[in-house]
Every structure is written in structure tokens, then in C-alpha cells.
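**Student:** The residues making up each chain are set out below.
Number of protein chains: 2
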Amino acid sequence: MASIKDVAALAGVHRSTVSRIINGEGVFRSDTKRKVEQAMAELNYRPSAIARSLATASSNMTGLLVTYYTGGFFGQMMEQVQAELDLHKKFLITAQGHHSAEGEREAIRRFHALRCEGYVLNSRHLSDDELRELAQESTPFVILDRVVEGLESRCITFDHTLAAKMAVEHLIEQGHRHIGCITGPISRPSSHLRLQGYKEALHQSAISFEPAFCAEGDYGRKSGYLAAEQLHRSAPSMTALFSCSEEMTQGALQYFHEHNVKLPQQLSLISFDSIELCAALYPQVSSVHFPISQMAQTAVELLMCQLNQTECSITKHFVPELRLRQSINKQAIPEV
Amino acid sequence: MASIKDVAALAGVHRSTVSRIINGEGVFRSDTKRKVEQAMAELNYRPSAIARSLATASSNMTGLLVTYYTGGFFGQMMEQVQAELDLHKKFLITAQGHHSAEGEREAIRRFHALRCEGYVLNSRHLSDDELRELAQESTPFVILDRVVEGLESRCITFDHTLAAKMAVEHLIEQGHRHIGCITGPISRPSSHLRLQGYKEALHQSAISFEPAFCAEGDYGRKSGYLAAEQLHRSAPSMTALFSCSEEMTQGALQYFHEHNVKLPQQLSLISFDSIELCAALYPQVSSVHFPISQMAQTAVELLMCQLNQTECSITKHFVPELRLRQSINKQAIPEV
DNA sequence: CTGAAAGCGCTAACAT
DNA sequence: ATGTTAGCGCTTTCAG
Chain S
1 MASIKDVAAL AGVHRSTVSR IINGEGVFRS DTKRKVEQAM AELNYRPSAI
51 ARSLATASSN MTGLLVTYYT GGFFGQMMEQ VQAELDLHKK FLITAQGHHS
101 AEGEREAIRR FHALRCEGYV LNSRHLSDDE LRELAQESTP FVILDRVVEG
151 LESRCITFDH TLAAKMAVEH LIEQGHRHIG CITGPISRPS SHLRLQGYKE
201 ALHQSAISFE PAFCAEGDYG RKSGYLAAEQ LHRSAPSMTA LFSCSEEMTQ
251 GALQYFHEHN VKLPQQLSLI SFDSIELCAA LYPQVSSVHF PISQMAQTAV
301 ELLMCQLNQT ECSITKHFVP ELRLRQSINK QAIPEV
Chain R
1 MASIKDVAAL AGVHRSTVSR IINGEGVFRS DTKRKVEQAM AELNYRPSAI
51 ARSLATASSN MTGLLVTYYT GGFFGQMMEQ VQAELDLHKK FLITAQGHHS
101 AEGEREAIRR FHALRCEGYV LNSRHLSDDE LRELAQESTP FVILDRVVEG
151 LESRCITFDH TLAAKMAVEH LIEQGHRHIG CITGPISRPS SHLRLQGYKE
201 ALHQSAISFE PAFCAEGDYG RKSGYLAAEQ LHRSAPSMTA LFSCSEEMTQ
251 GALQYFHEHN VKLPQQLSLI SFDSIELCAA LYPQVSSVHF PISQMAQTAV
301 ELLMCQLNQT ECSITKHFVP ELRLRQSINK QAIPEV
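Taken in sequence, the protein lines are chains S and R. For the first sequence, full-length UniProt numbering begins at 1 and goes up steadily by one. For the second sequence, full-length UniProt numbering begins at 1 and goes up steadily by one.
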């Protein structure tokens, strides 16, 4: 593999001249420039990003931690982060946390070994303390979709509670009073927040919270199917349902289809949605949109500001948006 | 950031000793080892993968080219490739080709700049010639899901034609004779191969090929919806349908749901499937499975063999497998 | 068993 | 406008 030395030799100039020409620093005699460019072409020379990193003490790499590569949600994140990094001519290094604190730690170790200049962390399992500790070190990072006390300036956040509340409020406005909920795993903070929003909406309309109207899933499709089954049994009077993830919604729809529950005639449905899967279901499902793409993009922008030490006043907090589709019916409000 | 020098100084030994201890090369006095390990811990030292790359002339990085990060298909590929590379303690560098030859070229340039030791290419737009040219250079690579003449030893392949043929044959065995097809974009080789299989199956049973029974999509969901609509009009006698991608199948199902076409009562359906999306649809859709995960894993194995110059006799060719689900009905075979 | 020295490919003062 | 020199953090002979 040709190195800068070979190019210099072939062009009959010094390495540093080649380096300068590559980086467009300074002014050169046009024939020197031509000779060098010719030599580079001839040797199919590409500067080694690695050697350059070492020399400049900057790797030009950014680490992105996601839980998995599969699933549209993480795909969106990677896509956006890559696009934004491309703009800044930075390399992307991805790693998976695999739903464990140790996995996430390992990912960060990898970024560190590669001397990434900054990280975008969609961390779900590192404790707030551990994250605060990490903030003591010199590598800047941004936390995507999580609020960590003391690290507010690095957090890109979304109001999960409000989102859930808006969804359920909408159901209530349509006249529904018997509203079920398929939650995520209760152990996960985001699930907790969403359940909270469900409860708040009910409370606000003086509808009592019934455990029989809740079923816990794991955000996965299969669990949505099972949760739908459970609710079908435990809450036969249910006329509307709020599902905390698009995958679970898909599973639930599968169950309802198999058991001849017609949407929206017999049951209205609204769902959390980040990757616009809800529009792909049939019937198309109304949703509250969780704008992970924009959040991911913003995360990179914020990180770049930190890297350049520039002040930037970016919106770091995102708000939900209702997207109404075919899955909701009005319910006659019962005479009291 | 602490360097090996700092560790050496703190431990009171030479850099090279530290290096040897890190890499477990040679034998050391136990107290030297202890001192060094203590110093490393104290400084939170991690060797720089970059400096190491430069010194050893091996980056330990592998490049993976995919078209996009989104979409379950590419997610699967990345997931498997990462898993396999983890086993070999290699770093993964991903890049997107964005459905253009120039995009794919740019991705490879990036790998080259990073001095990746090898590439896994899911290339769709580079010409065979360009790939053969690339093979002249010193970096080994493996081509995932494509056959390139002259590069057979580097290709991990799948029999798309046979897959399509098996799917349609199954429909025919169930008594269907009026079978539609939603194809991928005709310009893409894989689409062409699948359409070929459809035609072969028909031909083999003496069913004539009718253009009105084919609609072209772009492998995306929306296009599946539109194709279903088109076929619904142009081929009203159709009793069974073969869809060339799972996303298009999802779109088609959406259309049929909206237009009250019952599956499998009024229409039987079979689909290509790689990420097991078909089992998530309702009704669950029968499919021919395209084992992209295993192929991706195998691609890395093959690449590692090439890197280590070891002979390995891996199965490079994969075959389709039928997965029967709820979407197919028997059709009474008409009396002739 | 450990130290000394050279070098990987590049950049960045400092000269001239 | 270009050459000289040193050095980034690590590995790898070669000594001893």
C-alpha cells in the first residue's frame, strides 16, 4: 500500500509538501502540485486516516451506542447519526449494548480504545452515577433519550409521559372510558413514564385506574400479542386501547385479527410510534409520534458543538405529536 | 489521556516492558507485572488501538457495506457481521451505499482510508468489472448475495430463482392456476432472478405467463400496496399471489384489508422473507426463506479465512426453504 | 527478563 | 514555496 513517502519520491518533493497539498494548506507552484497529484493518482494513494489520527491527536471518529442494530428504531438512529456525521466529515463507530450494563460499558471501552472524539449514547442500563462519572473524563458525549440529573446540558430528551397522556386524552375525547393499556417492561424507565401518562389522563377525567386494564409487554411484537390476549379476557368491557410501542401494536393487531375483533368498530387503538410503523399496519393505527430521527440528528449537532467548544442553543427537548389514522372510532358517551 | 509512557514512568519500567505485558508476550517477574498492572489501573490506561494499528500495520478493522442502515434486512446483516467479528476481536466499520455506484465507491474509499483489513460487500451497484478490478488490489473482500464471474471464491450466494420457483410451485400444488406476482424493480438482478423462477414454475406446469398478472414494485411497502391494487384490477381471476419481498407483502395485505379481500379464503399468498416479517403479519404469510443472517455470518468466516490465508471449506451457496403459514388455501382443481 | 532504538505514516513547527 | 526535524503511541528487533 502506497504511503506518502512513495508519493513524495515519485513526485520528487518532500513528504511535507505532499502533506500540505493533500490538506490544501499554503500555496504551491502549479507544477509541483501537478506532479504530486499525478504521483498520487498513479500510485492510487489514499492518506492513512490512522496515521493522520496519530499525528494530529484526533481520530475523527464518533462512537454511537445503540442497544441492537436490528429493529427500525435503532436503524433510524444510525441512519441519522451517520448522515449528520458525514456533513462533518467524521467517521462513525457503532457498538451494541445488548441490553446490559456490561454490554454498554464494553461498547464505551471500544470507543475509548479507538480514541473516538465523542460519543452519542442511547444508554439504557448504565446508572446515572456511572454516566456522571463518565462525564468526569475528557471525552465529550451526548445522551440520547434520557434525562440524567446534573448532565442536562448533554441530554436530548423526550416527554414520554406527556406523549402517553396525549394519546389517552384523545381516546377519552372520543368518548371512551374503558381504556386498556399495553405497557413496556415495568423495570424500564421509559415504560414507567408512559404508564404514568396513561394514569394521569385517566385521573384527569375522573376515570379510575383498573389493574385489569393493564398488561405488561416487553416492547416486542410477541408480547403485544400476548398482552392483547390477556386484556381480551381480563377487560371484556374495554372499548379502546393504548399500546406503548409500535411492535406490540403489531402483535396486538395480529391477535385481534385472529379473534375477529374489528378495529375500529369494536375496539379503538392508539399507539406509540417512532419509525412510522403504525402507518404500515392495517387498519392504519393512530399514534403519538416519538421523533427519534430528529433527536438523533440533534444529538450529533450538540456533540459537534461540544467538540468545537462553540455555544449552540439547540432545542434539546422534544415534544410529542398526535397522528390520527383509521384505528379510532367515536364512542357514544353513556348517559349518566 | 494516559499513554504507555505514563504507565512505564509510573511503574518504573521501560515502555517496551509495558507493551509486552499488555500483549502477554514473554515472561516477567511477578512484581514487575504487578507494578505495571497497578499503574495501568491507576491511570485508567487503555492502549490506543490507533497507535497499535500503525505500529503493527494492521488496523483490526473490517468494513461492511450495506445499502442503508434502516430496514430489518440490513439490520440483520450488521448484527451478524458484528457478532462474528466480535469473536475474532475485530472492529466493525459500516458504510451505506445509498443505492448508487458512487455511494458504494465512496464507502469503499472510506474503508481504504481507515485501512480496513478486509471488506464484506453487499454491493448492488458496482459493476462486475469494477468488482473484479477491486480484486486486483491487496485488500481481501467477500461479496454477499451476488455472483460475480471470476470471483466465485469470494461470493456468498443464494438461489433466488429456485426460491421463487419453489414458492410458486407450492401454490400450483395447492391447485392454483391463476397466480399473480409482485416483482421487485426489474432493473435489479435479484428481481430479475425471482421473476425468472416464477416463470419457470408456471412453464413447468404448462400455465401460460400473463403480463396482466405481474406488477412491478420497488421492494418497498408502499409499492406493494400499489401493486396489489393494480393486480386487483388487471387480474380479477387471480386466486393466488407471489410477492417478491416481505415489505411489499405487508403493503399488499394493507390493500387487501382495506378492500375486503379475505386471505386465504379469496386469495392465497406466499412471499419472499428474510427477516421473518411474514410471521408478524396477519394472517401469517407463508414464505420462502432467504437466510441472510447465516449468509452474513458465513461471509465473515470466509473473510477471516482469507485474512489468515487458511483454507476453509465453507458452504458458500445457500438454498431456500419453504415456511408454510396461514395465508394459503387449497383451490379445487377445475375439471378439464 | 528487561532496556535501547528504530520505525509505522503522517503532521506541524521551524527553517530557509 | 518547500525542505528539515521531531514526534504522535505503540511494537519489535536486537542487545545484554
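The hints are simulated quantities; they were obtained by calculation from the structure and are not laboratory data. It is possible that some hints are incorrect.
[Unchecked claim] Output of the computed footprint for chain S on chain R, the stretches with three or more beta carbons under 8 Å from beta carbons of chain S: (1) 49–62; (2) 83–95; (3) 154–162.
Yeah, the Cβ is synthetic: ideal placement off N, Cα and C, and Gly gets one too.
**Student:** Does each hint fit the structure? Answer for all of them.
**Tutor:** Quick rundown of the hints versus the structure:
1. Under a criterion of three residues with beta carbons nearer than 8 Å to beta carbons of chain S, the stated coverage of the region 49–62 of chain R is upheld, 6 such residues being counted.
2. Residues of the region 83–95 of chain R with a Cβ under 8 Å from some Cβ of chain S number 4, which satisfies the need for three, so the listed coverage holds.
3. For the region 154–162 of chain R, the stated coverage by chain S is violated: 0 residues have a C-beta nearer than 8 Å to a C-beta of that chain, whereas at least 3 were required.
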